[in-house]
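Model the full assembly from the supplied sequences, consistent with the hints where possible.
Letter by letter, the chains look like this.
Number of protein chains: 2
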Amino acid sequence: MGLSDRIETAISRALAEAGGGPRRLTSALDYAVTPGGARIRPTILLSVARACGDDRPEVSNAAAAALEFIHCASLVHDDLPAFDDADYRRGKPSVHVAFSEPLAVLTGDSLIVLAFETLARAASDTPDRACALTLTLARQTGTPGGICAGQAWESEPRIDLSAYHRAKTGALFVAATRMGAIAAGQEPDPWDELGARIGEAFQVADDLRDAVCSSDELGKPAGQDDLHARPSAVAEFGVTGAVRHLDDILAGAIASIPSCPGEAELAGMVRAYADRIVPQAARRTVPGE
Amino acid sequence: MGLSDRIETAISRALAEAGGGPRRLTSALDYAVTPGGARIRPTILLSVARACGDDRPEVSNAAAAALEFIHCASLVHDDLPAFDDADYRRGKPSVHVAFSEPLAVLTGDSLIVLAFETLARAASDTPDRACALTLTLARQTGTPGGICAGQAWESEPRIDLSAYHRAKTGALFVAATRMGAIAAGQEPDPWDELGARIGEAFQVADDLRDAVCSSDELGKPAGQDDLHARPSAVAEFGVTGAVRHLDDILAGAIASIPSCPGEAELAGMVRAYADRIVPQAARRTVPGE
Numbered sequence: 001m002g003l004s005d006r007i008e009t010a011i012s013r014a015l016a017e018a019g020g021g022p023r024r025l026t027s028a029l030d031y032a033v034t035p036g037g038a039r040i041r042p043t044i045l046l047s048v049a050r051a052c053g054d055d056r057p058e059v060s061n062a063a064a065a066a067l068e069f070i071h072c073a074s075l076v077h078d079d080l081p082a083f084d085d086a087d088y089r090r091g092k093p094s095v096h097v098a099f100s101e102p103l104a105v106l107t108g109d110s111l112i113v114l115a116f117e118t119l120a121r122a123a124s125d126t127p128d129r130a131c132a133l134t135l136t137l138a139r140q141t142g143t144p145g146g147i148c149a150g151q152a153w154e155s156e157p158r159i160d161l162s163a164y165h166r167a168k169t170g171a172l173f174v175a176a177t178r179m180g181a182i183a184a185g186q187e188p189d190p191w192d193e194l195g196a197r198i199g200e201a202f203q204v205a206d207d208l209r210d211a212v213c214s215s216d217e218l219g220k221p222a223g224q225d226d227l228h229a230r231p232s233a234v235a236e237f238g239v240t241g242a243v244r245h246l247d248d249i250l251a252g253a254i255a256s257i258p259s260c261p262g263e264a265e266l267a268g269m270v271r272a273y274a275d276r277i278v279p280q281a282a283r284r285t286v287p288g289e
Numbered sequence: 001m002g003l004s005d006r007i008e009t010a011i012s013r014a015l016a017e018a019g020g021g022p023r024r025l026t027s028a029l030d031y032a033v034t035p036g037g038a039r040i041r042p043t044i045l046l047s048v049a050r051a052c053g054d055d056r057p058e059v060s061n062a063a064a065a066a067l068e069f070i071h072c073a074s075l076v077h078d079d080l081p082a083f084d085d086a087d088y089r090r091g092k093p094s095v096h097v098a099f100s101e102p103l104a105v106l107t108g109d110s111l112i113v114l115a116f117e118t119l120a121r122a123a124s125d126t127p128d129r130a131c132a133l134t135l136t137l138a139r140q141t142g143t144p145g146g147i148c149a150g151q152a153w154e155s156e157p158r159i160d161l162s163a164y165h166r167a168k169t170g171a172l173f174v175a176a177t178r179m180g181a182i183a184a185g186q187e188p189d190p191w192d193e194l195g196a197r198i199g200e201a202f203q204v205a206d207d208l209r210d211a212v213c214s215s216d217e218l219g220k221p222a223g224q225d226d227l228h229a230r231p232s233a234v235a236e237f238g239v240t241g242a243v244r245h246l247d248d249i250l251a252g253a254i255a256s257i258p259s260c261p262g263e264a265e266l267a268g269m270v271r272a273y274a275d276r277i278v279p280q281a282a283r284r285t286v287p288g289e
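Chain order of the listed sequences is W and C.
Numbering-wise (full-length UniProt numbering), the first sequence opens with residue 1 and increments by one.
Numbering-wise (full-length UniProt numbering), the second sequence opens with residue 1 and increments by one.
Hint data in this document are derived by calculation from the structure and do not stem from the laboratory.
The reader is advised that the hints may include incorrect statements.
[Said to hold, decoys possible] Some but not every residue of chain C turned toward chain W, in silico, with C-beta under 10 Å:
hint : residue
1    : P22
2    : R23
3    : I70
4    : F83
5    : G91
6    : G150
[As the list claims (entries may be wrong)] A short, non-exhaustive set of chain C residues, derived as facing chain W with CB atoms under 10 Å:
hint : residue
7    : I112
8    : F116
9    : G145
10   : A267
Note that the structure is predicted; figures quoted are calculated from it, not measured.
Note that CB positions come from ideal geometry on N, CA and C, so glycine has one too.
See below:
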């Protein structure tokens with residue numbers, strides 16, 4: 001089974017376990033999670049698990065679903081009127097628009113809970129891995145270093161910009177690489193750097209898209225960083241410099257991959273990821289490309 | 001150390017682990033959790049753990065803190081403008097009033113995450129208990145049968161009233177008794193009925209308070225069930241009937257306590273709890289009391 005099928009199957013199974021309650025909440029959970037976006041985080045998780053031998057695929061599948069549930073929960077809550085007040089997500093009305101604001105809050109809450117439930121359920125015969133997975137996912141989700149903290153930096157009078165990006169964008173990528181290793185019974189620490197660098201690359205790619213893509217291409221207003229004078233890699237290095245910076249980060253990511261049976265395949269995955277996340281319009285501005 | 005000290009110490013330790021991030025979120029977490037209310041759920045949890053031998057107090061303490069974090073998270077989210085729009089809680093401004101709506105959403109989210117993190121961290125040398133605790137807490141928190149589902153019933157066109165009360169009020173009491181047993185290494189299923197009946201009693205007591213206490217005594221508007229023609233034990237049985245019904249439920253709760261070393265002490269705790277939750281004004285209306 002390919003990674004994508006493994007992810008969708010694990011997600012469907014976990015969602016089925018959450019069914020049978022109040023119908024609108026059940027529908028809202030399904031709506032928030034499927035059809036998905038690129039499933040980048042669970043794909044990285046399973047790629048790392050595979051590179052590490054993946055001796056318990058039912059554990060890595062559950063970890064992949066759990067990580068995606070946390071990501072989807074964060075999107076649902078971030079779209080709320082109190083945060084981004086975003087009416088659309090993935091080409092359809094956001095959860096609070098399609099259902100209601102109370103149901104959007106409860107959908108996010110339920111998805112966070114379902115993530116930890118999925119880990120505990122799947123890992124019942126390897127409880128040590130389940131505990132380690134729970135601890136890692138919780139740290140990268142909550143506070144002080146997870147995505148909740150990342151979002152909360154926006155409510156501070158003074159932002160620690162590096163902590164902000166590390167927590168808001170980087171945390172779930174670090175969760176992805178660490179959880180892939182843990183699910184396969186390996187030590188997670190050597191995998192931190194790969195996750196952190198992929199997260200950094202993702203942030204730079206996001207800055208590039210905001211600068212060089214049209215609003216139509218993005219499906220949301222473009223040029224926001226420039227308009228609001230936000231710090232961004234493009235503001236710091238220019239488009240050409242930002243593309244080179246991103247390439248450097250990904251080269252560092254590949255160099256950081258710990259020695260393991262699936263090392264070469266994983267490096268190939270990171271390279272393919274790089275090609276996908278850099279907007280073509282940005283590559284075209286770089287001399288010699 | 002008394003139960004109350006054990007609970008407050010466990011809560012403080014877990015909160016300290018969540019410190020060091022964005023300061024306003026850290027403050028909001030602390031504000032939402034301390035000073036607490038009666039800490040009824042963690043007290044029941046530790047009482048059951050003690051009745052079962054409590055051979056791993058660090059595990060039952062962590063479970064007690066985790067359960068209280070989920071309860072506090074639910075209060076913070078329930079108070080939001082999209083739900084009850086409550087400006088006050090426990091005699092002080094609610095979290096979204098004192099901080100902001102974004103921080104209230106993130107406080108609830110972070111507390112849910114911290115609950116599972118606390119379980120995983122404390123039970124690292126008994127990972128099987130940690131997994132069982134995680135599974136029980138998740139089921140009683142999420143959907144289909146947990147407090148998220150309970151709240152979501154209010155968004156349904158037709159309410160299943162028994163599922164609603166069981167999920168909204170009962171779920172965390174069932175979590176309390178089950179988690180107390182699991183933390184002490186015992187089978188949780190025999191403890192379900194005690195939790196369910198205490199939850200039922202709590203609901204009836206709440207109905208009684210709404211009917212017989214003044215708004216000043218409640219710290220919120222009284223007489224709401226009657227005003228909104230809500231189904232309640234008082235509407236069904238009258239005040240005297242509701243007090244007798246509550247006494248019957250608690251007698252059933254005591255009778256359901258599984259045979260264990262601390263059975264008598266636990267029965268005494270439930271009796272004391274009964275005296276505390278029934279408003280004096282309601283007892284005075286019952287002939288012969």
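Hints versus structure:
1. Taking 10 Å as the C-beta cut-off, the interface hint given for P22 of chain C holds, the closest approach to chain W being about 4 Å.
2. Given the 10 Å rule on beta carbons, the hint for R23 of chain C holds: about 7 Å separates it from the nearest Cβ of chain W.
3. At a threshold of 10 Å, the smallest CB-CB gap from I70 of chain C to chain W is about 9 Å, leaving the interface hint in force.
4. Because the smallest distance between the Cβ of F83 of chain C and any Cβ of chain W comes to about 6 Å, under 10 Å, the interface hint for this residue holds.
5. With 10 Å as the threshold, the beta carbon of G91 of chain C stays out of range of chain W, its nearest partner Cβ sitting at about 24 Å, so the hint is violated.
6. With its C-beta approaching chain W no nearer than about 9 Å, G150 of chain C sits inside the 10 Å limit, and its interface hint holds.
7. A distance limit of 10 Å between C-beta atoms decides the matter here; for I112 of chain C the minimum to chain W is near 5 Å, and the interface restraint holds.
8. For F116 of chain C, the interface hint holds, since its Cβ comes within 10 Å of a Cβ in chain W; the closest pair sits about 4 Å apart.
9. Residue-level restraint check for G145 of chain C holds (minimum Cβ-Cβ distance to chain W is 7 Å; threshold 10 Å).
10. Against a cut-off of 10 Å between C-beta atoms, the interface hint on A267 of chain C is violated, since the closest Cβ of chain W lies about 32 Å away.
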